[in-house]
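Residue strings, one per chain:
2 protein chains.
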Amino acid sequence: MEPLKYIGKRIPEIYAWAKVTGEAPFTDDLRLPGLLFGKILRSPHAHARIRSINTSRALELPGVVTVMTGTDTPGIKYVAQISDMYPLAIDKVRYVGDPVAAVAAETEEIAEEALALIEVDYEPLPAVFDPCEALLDGAPLIHEDRINNLVLNMKRDFGNVDEGFAQSDRVFEDQFSTQAVPHCNMEPRSSAAWKNPDGVLQIWTGTQSPYFVRKEVAHVCNLPISSVQVMEVHCGGGFGSRSKYCEDEGVTALLAIRSGRPVRITFTREEEMTTTRIRHPFILRIKTGVKLDGTLMAREMQVIVDKGAYCHYGPAVTGYAAGTAASSYRIPHFRFNGDIVYTNKQAGGPFRGFGAPQAIFAIESQLDEIAEVLGIDPLELRVKNANRSGDLTPCGWAITTCGLEECLEKVSQAINWKERQKGPKEGRYRQGKGLATAIHVSGSNVFPDGEFSAIELKMFIDGRVSVYKGSGDTGTWANTVITQIVAEELQLPMESIRLISMDTETTPQSLGSFASRVAFEDGNAAKMAAAQLKTFLLESAAAALQVSMDALFLQDGMIVYREDPSKTLSYGDSVFRSPRTVGHILTSAYHYVPPTVRLTPKGYANVSAAYAFSAQGAEVVVDTQTGEIQVKRLVVAQDVGKALNPIAVEGQIEGALAQGMGYALTEELIVDRTTGKVITDCLDRIMLPTAMDIPDESIFLVETQDPEGPYGAKGVGEIGLNPTAAAIANAIYDAVGFRPHKLPIKAEEVYFFLHPEKR
Amino acid sequence: MEPLKYIGKRIPEIYAWAKVTGEAPFTDDLRLPGLLFGKILRSPHAHARIRSINTSRALELPGVVTVMTGTDTPGIKYVAQISDMYPLAIDKVRYVGDPVAAVAAETEEIAEEALALIEVDYEPLPAVFDPCEALLDGAPLIHEDRINNLVLNMKRDFGNVDEGFAQSDRVFEDQFSTQAVPHCNMEPRSSAAWKNPDGVLQIWTGTQSPYFVRKEVAHVCNLPISSVQVMEVHCGGGFGSRSKYCEDEGVTALLAIRSGRPVRITFTREEEMTTTRIRHPFILRIKTGVKLDGTLMAREMQVIVDKGAYCHYGPAVTGYAAGTAASSYRIPHFRFNGDIVYTNKQAGGPFRGFGAPQAIFAIESQLDEIAEVLGIDPLELRVKNANRSGDLTPCGWAITTCGLEECLEKVSQAINWKERQKGPKEGRYRQGKGLATAIHVSGSNVFPDGEFSAIELKMFIDGRVSVYKGSGDTGTWANTVITQIVAEELQLPMESIRLISMDTETTPQSLGSFASRVAFEDGNAAKMAAAQLKTFLLESAAAALQVSMDALFLQDGMIVYREDPSKTLSYGDSVFRSPRTVGHILTSAYHYVPPTVRLTPKGYANVSAAYAFSAQGAEVVVDTQTGEIQVKRLVVAQDVGKALNPIAVEGQIEGALAQGMGYALTEELIVDRTTGKVITDCLDRIMLPTAMDIPDESIFLVETQDPEGPYGAKGVGEIGLNPTAAAIANAIYDAVGFRPHKLPIKAEEVYFFLHPEKR
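First to last, the protein sequences are chains D and S. According to my numbering, the first sequence is numbered sequentially starting from 22. According to my numbering, the second sequence is numbered sequentially starting from 22.
Among these hints, one or two may not hold up.
Keeping only pairs whose Cα atoms sit at most 16 Å apart, straight-line, the calculated EDC-like set for lysine to aspartate or glutamate is [stated by the list, open to error]: (1) Lys405(S) with Glu440(S); (2) Lys236(S) with Glu426(D); (3) Lys236(D) with Asp483(S); (4) Lys312(S) with Asp398(S); (5) Lys405(D) with Asp314(D); (6) Lys40(D) with Asp219(S); (7) Lys40(S) with Asp314(D).
FRET-style restraints, in silico, Cβ to Cβ [to be verified]: (8) Ile97(D) with Leu25(S): 34 to 42 Å; (9) Pro95(S) with Gln651(D): 29 to 37 Å; (10) Pro147(D) with Pro54(S): 24 to 32 Å; (11) Val614(S) with Lys623(D): 56 to 64 Å.
Just a few of them, taken from the derived set where beta-carbon distance is under 7 Å, the chain D residues facing chain S [to be verified]: (12) Pro33; (13) Ala37; (14) Gly43; (15) Asp50; (16) Arg52; (17) Ala475; (18) Gly491; (19) Gln530; (20) Ser599; (21) Gly604; (22) His605; (23) Ala610; (24) Pro616; (25) Val618; (26) Arg619; (27) Pro622.
Derived from the structure by calculation, the hints contain no laboratory data. Predicted model only: the values in this text are computed from it and were never measured. Where a beta carbon is used, it is the ideal one built from N, C-alpha and C, also for glycine.
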């Protein structure tokens with residue numbers, strides 16, 4: 022096999038120049054003729070009945086074109102997983118920020134002014150903010166059709182957990198809890214829409230999943246999906262928040278239809294922080310049975326998921342937490358019980374990791390507890406129980422390749438695990454080290470739309486190629502990596518390849534950019550489409566040069582005869598001569614369906630074609646006088662299958678570590694328990710780690726050459742975040758003996774643990 | 022065969038609503054972020070050397086971003102047929118209006134003001150405006166490399182003309198001349214360009230031929246064609262003026278590159294009238310030998326083509342005039358001599374009819390003269406010599422189907438030709454009737470880029486279809502007709518079909534919208550692509566329903582089992598199930614190459630797969646006191662092969678008649694012979710016929726069912742104009758005995774003919 026020329030190389034992002042110069046158009050940069058500015062009026066109450074809305078004063082304001090309330094819309098709820106939210110509230114509001122009315126006006130200022138003129142008569146209702154309280158009889162009912170505010174109860178039962186516990190020497194039970202966190206995208210939500218002269222509602226939106234957006238917008242606007250087109254723009258971060266649909270998209274579309282003009286809504290930072298989907302807070306009870314030698318025998322996990330006011334994709338997130346808990350380490354028996362509970366708060370949704378960070382924080386914290394009690398080194402305990410190639414987890418995940426042992430080995434070496442100081446430490450500043458691991462999918466076959474990616478390639482008679490890709494690129498380098506794959510297969514410089522992404526009318530459909538699937542699934546589609554195009558080129562050149570196809574090879578835009586390299590044909594000439602060429606374009610397309618099984622209602626299936634693994638090590642220093650925790654170093658060894666572009670993979674991991682560290686220590690969406698208002702409504706209040714906070718990082722890429730992934734690659738987008746909080750928590754325990762049961766881990770709690778007399 | 026459901030039906034234009042409501046975006050409607058407004062400084066001299074240009078004062082004007090002269094450009098001439106024009110003049114200007122410098126500024130007003138601040142030092146040179154004078158030794162030389170200002174001399178010689186004359190009983194020699202006419206598009210030229218973040222120069226322009234535009238713009242900007250993308254906008258008329266490229270496109274592109282921002286140039290009406298390409302004035306000497314029974318024996322045509330200052334597509338126009346003269350009526354021997362001559366005037370270019378209206382005016386006028394001298398009825402003379410199916414004309418045009426006789430029959434009946442009053446008329450208002458005919462191609466294989474059209478279809482899982490079409494639609498209903506063809510083949514309502522036209526990066530390449538080729542060639546490509554898609558649908562449905570493909574038929578989005586019509590599958594489901602489907606899209610494409618032969622240097626080839634024919638009758642009334650000519654009625658019978666959409670075909674013919682009548686009687690681009698300035702620089706001075714001037718019209722569509730055309734269709738775009746002037750001229754002669762030898766036919770000439778004493 023020829024050595025790889027583009028794959029595995031540190032190639033810069035294809036949009037880097039456009040992004041740093043500001044040339045890359047984001048939604049808010051679009052200038053549409055006659056553009057109106059949309060604004061949303063939001064509920065000031067956490068729970069209230071809408072008695073009436075009077076929009077007449079707002080409508081009279083010069084420059085206001087449209088004012089719209091829920092009753093002016095088709096009155097259709099979003100599909101989501103459970104259909105429970107209108108684009109604009111009808112009858113009731115359920116959290117502070119619930120959209121109540123919308124305005125489109127000639128300027129942003131007029132739209133803002135008009136909001137203040139809309140008179141809403143509310144009847145406040147008692148609100149509930151705690152999921153445990155919400156489950157009690159007599160709690161305020163948020164959605165009338167959901168008894169005890171229970172969205173749904175999710176059960177999983179694999180193997181025989183009771184028998185597993187019976188066979189265990191020791192059983193450990195612990196409780197953990199995690200907080201709400203907003204995604205903190207650098208680009209706030211922005212969407213623009215207009216009904217074009219063909220009657221098509223065109224929408225520009227920074228999204229991970231244009232086809233989900235098309236479906237949801239068409240639905241709430243009561244249009245066939247054929248009348249909605251979602252188009253490409255650059256996107257300033259997704260992290261799951263844009264992986265399905267965003268509520269501004271529906272309102273923008275409805276305003277555009279009603280006003281007959283283009284409309285754009287761009288959120289303020291406050292709206293972005295207080296009304297978009299967040300990471301679900303979990304309360305986790307975990308019970309694990311072990312043999313005295315450390316062998317894991319059975320695990321039971323019970324979670325209460327604080328859903329907030331609307332369901333969105335909460336069940337999927339909860340189900341994935343269950344899958345992760347069933348599959349982290351070899352464990353023969355597993356049981357799960359999840360209560361997903363409405364509260365009068367901002368709703369949760371997909372967020373990088375998709376339920377796994379919550380579960381892993383509990384699992385990995387408890388694992389260290391078990392190790393201590395049994396007197397086994399935490400590293401040994403992990404290696405002993407680590408997943409290995411060929412494993413089938415209790416919920417049906419079939420692990421083809423697994424580099425977890427190697428990852429643990431690399432990380433423990435890098436942090437000098439074996440030489441660490443064990444037991445209690447001395448002095449004001451105490452160092453500690455912690456380990457944690459994660460497993461994650463590369464695409465996940467759980468959605469009714471099916472699991473697939475498709476890529477279309479068009480080669481022109483000048484030898485260039487256009488790549489049509491249906492999924493977006495939110496800044497993950499997905500489009501760069503897909504371009505590399507096409508470059509590799511066709512032996513064509515990156516500059517000769519243009520990537521056209523995300524236009525629901527032009528690009529072949531792919532499921533979307535989430536579940537760490539794009540490099541894996543779009544990558545396979547691109548590889549196979551390019552391989553087919555290569556065959557077409559060779560076939561045409563063979564006829565032209567009157568030699569056999571096998572005697573030819575591709576080289577930088579030329580097809581060369583192996584036995585006489587002066588005998589060549591350019592790609593362009595080969596395209597021109599090919600009988601398959603139409604209108605001077607040679608097309609090749611591939612529809613990739615991974616060899617996976619759709620998740621059953623009982624939660625059992627091999628949902629991904631490949632599983633990625635990560636081991637992380639954290640080194641912290643705790644100031645015993647203040648409780649302050651400083652992360653000195655984070656070390657990652659990640660089974661990436663094959664790093665298609667090491668810069669891209671390292672970038673994903675570095676970003677994930679920062680996000681994981683914020684999750685561990687600082688980030689928390691705090692809601693005032695009397696008003697229901699979000700207190701942390703801006704970036705400085707949410708305590709996002711900045712570049713100054715980032716510790717030393719060491720990243721080791723473990724390449725296990727997955728047999729199904731393109732060139733052996735696995736998904737890398739999410740897993741880097743999943744074990745970080747647990748590794749830091751374990752390091753804190755190692756430093757000062759404080760076991761964090763709650764995220765974020767606050768200095769004050771460490772302080773009161775060290776100085777109980779001050780509490 | 023099933024009866025046709027969409028073809029042949031009077032279906033409204035698909036853009037009608039968007040156009041009448043103003044929603045359809047034309048180039049001037051585009052709002053691009055940071056758009057600059059471009060303006061061109063033009064020469065006030067007909068011929069001058071540029072000594073120097075000082076742009077410093079213009080550059081200092083606040084709001085001016087870029088000022089550019091010829092030396093700031095790559096200094097590359099347009100390709101055209103003979104490369105003789107820079108985007109901005111270098112060293113010399115050659116007509117009043119020649120582009121000398123260009124400005125891009127924040128507003129149109131600033132750009133205009135900046136033009137006045139550019140100081141150009143000209144050395145005026147003697148100018149020549151008459152092509153005969155230009156050919157004389159000692160005439161001012163316009164392009165130094167062209168002796169006697171001769172662009173080129175074109176010779177054609179088929180058969181043995183001298184022998185033909187020798188065998189003739191009588192030989193007729195006459196001279197005619199025709200005027201310059203601007204296209205008078207309702208939308209003045211407008212083009213916008215910017216270099217997008219991918220480094221691609223994107224151009225929006227109302228064009229007939231995006232691929233010609235791409236080639237020319239890339240060339241003058243010194244870019245590979247891969248760096249230029251021409252995109253769709255609506256277009257307010259083409260008539261040939263936009264069939265190759267327009268000079269504003271090059272300047273807009275150069276300004277966009279230089280300024281680094283989007284730039285748009287929109288012409289004023291004056292610029293549109295005085296600087297865009299026009300219909301070439303011809304001086305025609307025609308010599309025809311006939312037998313006493315009226316049999317045409319030989320024809321010789323000598324033309325002097327007034328090229329104006331630049332060549333553009335003059336040779337092609339001249340060559341097509343020769344082909345028309347060789348092929349109008351059966352004539353065994355033909356010779357042609359054409360001198361294409363530079364003058365210091367606005368340059369000619371393609372214009373509906375492409376040289377044929379000039380030639381036909383001479384041929385048909387002379388034919389009436391011959392008829393009179395020989396004492397043969399003009400109708401009989403035409404029928405006797407008319408082309409017939411199976412004819413091969415001297416220049417190689419192979420006529421498969423020909424409805425000319427039927428057309429002549431229909432027209433003569435409609436105007437009561439046989440019962441007309443013959444000989445001299447009486448009274449102040451004298452009526453006259455005249456006949457003329459035309460032959461025209463349906464696509465013409467003369468360009469080096471080859472003759473082909475390609476169409477790609479994409480069907481989605483909701484059963485809709487998108488049609489990708491590389492040629493533009495300048496208002497000819499081309500996109501409507503292509504949609505009808507797809508609707509017919511797929512038995513799908515028009516509303517379920519979306520047409521995406523003209524994006525050089527997305528749509529498969531077609532040659533362009535000219536030479537009456539789109540319905541014929543794009544139509545065939547669409548029909549065959551749709552037929553293939555139908556096969557794919559049936560194939561998939563047959564597998565799903567477990568019946569044979571032959572047992573199924575298509576009906577309004579459903580595939581139905583003939584033997585049990587309750588057994589069906591929707592198109593969408595069939596797409597979803599097809600193994601050919603990629604990313605939920607089923608694609609089919611077809612590259613149509615007509616069975617024609619590329620024109621040889623000697624002008625011999627069967628350049629078109631089908632030839633259309635038209636007979637026209639004019640009824641006029643001449644006021645003998647004033648010489649005023651009033652056209653009372655125009656009757657057309659046209660061999661359209663098959664009318665794919667009668668409204669569209671009639672619309673083409675009606676528009677052509679108006680244009681032909683203007684050509685006959687009023688329209689003339691008049692140049693001041695001392696200054697070289699165009700006097701008729703606005704629509705009211707050019708005397709375009711208005712709705713009030715249009716006479717009664719009767720249109721008969723003769724359907725000869727061409728074997729190659731889609732559903733039997735032939736091209737209909739141009740031919741309707743070709744014989745109109747001649748028919749009117751012949752009617753004037755019939756009314757008052759005045760034989761027009763010059764277009765336009767002016768009332769004053771008729772008056773002086775009738776009142777020679779007043780001259």
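Now for the hints, and whether the structure bears them out:
1. Pair hint Lys405(S) plus Glu440(S) does not hold up; C-alpha atoms about 20 Å apart against a cutoff of 16 Å.
2. Between Lys236(S) and Glu426(D), the direct Cα distance comes to roughly 58 Å. Violation of the 16 Å bound is thereby established for this hinted pair.
3. Taken as a hint, the Lys236(D) and Asp483(S) pair is honoured in the structure, with Cα atoms around 12 Å apart against an allowance of 16 Å.
4. Taken as a hint, the Lys312(S) and Asp398(S) pair is honoured in the structure, with Cα atoms around 15 Å apart against an allowance of 16 Å.
5. Taken as a hint, the Lys405(D) and Asp314(D) pair is honoured in the structure, with Cα atoms around 9 Å apart against an allowance of 16 Å.
6. A threshold of 16 Å between alpha carbons decides the hint, and for Lys40(D) with Asp219(S) the separation of about 11 Å falls inside it, so the pair holds.
7. Distance check on the hinted pair: Lys40(S) and Asp314(D) sit about 80 Å apart at the alpha-carbon level, beyond 16 Å; violated.
8. Checking the proposed 34 to 42 Å range against Ile97(D) and Leu25(S) shows it holds: the Cβ atoms sit about 40 Å from each other.
9. Hint check: Pro95(S) to Gln651(D), Cβ distance near 59 Å, so the stated range 29 to 37 Å is violated.
10. Here the CB-CB span from Pro147(D) to Pro54(S) is close to 49 Å, at odds with the stated 24 to 32 Å.
11. The supplied range of 56 to 64 Å is met by Val614(S) and Lys623(D), whose beta-carbon atoms lie about 58 Å from each other.
12. Contact between Pro33(D) and chain S, as hinted, is not supported at the beta carbon level, the nearest pair being about 14 Å apart and thus beyond 7 Å.
13. Among the interface hints, the one on Ala37(D) is violated; its C-beta lies about 10 Å from the nearest C-beta in chain S, farther than the 7 Å criterion.
14. This hint is violated: Gly43(D) has a C-beta 9 Å from the nearest C-beta of chain S, more than the 7 Å allowed.
15. With a least beta-carbon distance of about 6 Å to chain S, the hint placing Asp50(D) at the interface is held under the 7 Å criterion.
16. Interface hint at Arg52(D): satisfied, since its Cβ lies 5 Å from the closest Cβ of chain S, which is below the 7 Å cut-off.
17. Because the beta carbon of Ala475(D) sits about 3 Å from the nearest beta carbon in chain S, less than 7 Å, this interface hint is met.
18. Checking Gly491(D) against chain S by beta carbon gives a least distance of about 6 Å; that is within 7 Å, so the hint holds.
19. For Gln530(D), the suggested interface contact is upheld, since its CB lies about 4 Å from the closest CB of chain S, less than 7 Å.
20. Given the 7 Å rule on beta carbons, the hint for Ser599(D) is violated: about 10 Å separates it from the nearest Cβ of chain S.
21. For Gly604(D), the interface hint holds, the least distance from its beta-carbon to any beta-carbon of chain S being 2 Å, beneath 7 Å.
22. Hint status for His605(D): holds, given a least beta-carbon distance of 4 Å to chain S, under 7 Å.
23. The interface hint given for Ala610(D) holds, since its Cβ lies 4 Å from the closest Cβ of chain S, which is under the 7 Å cut-off.
24. A least Cβ separation of about 17 Å between Pro616(D) and chain S goes past the 7 Å threshold, and the interface hint is therefore violated.
25. For Val618(D), the interface hint is violated, the least distance from its beta-carbon to any beta-carbon of chain S being 19 Å, above 7 Å.
26. Look at Arg619(D): its Cβ only gets to about 16 Å from chain S, farther than 7 Å, so that hint breaks.
27. This hint is violated: Pro622(D) has a C-beta 23 Å from the nearest C-beta of chain S, more than the 7 Å allowed.
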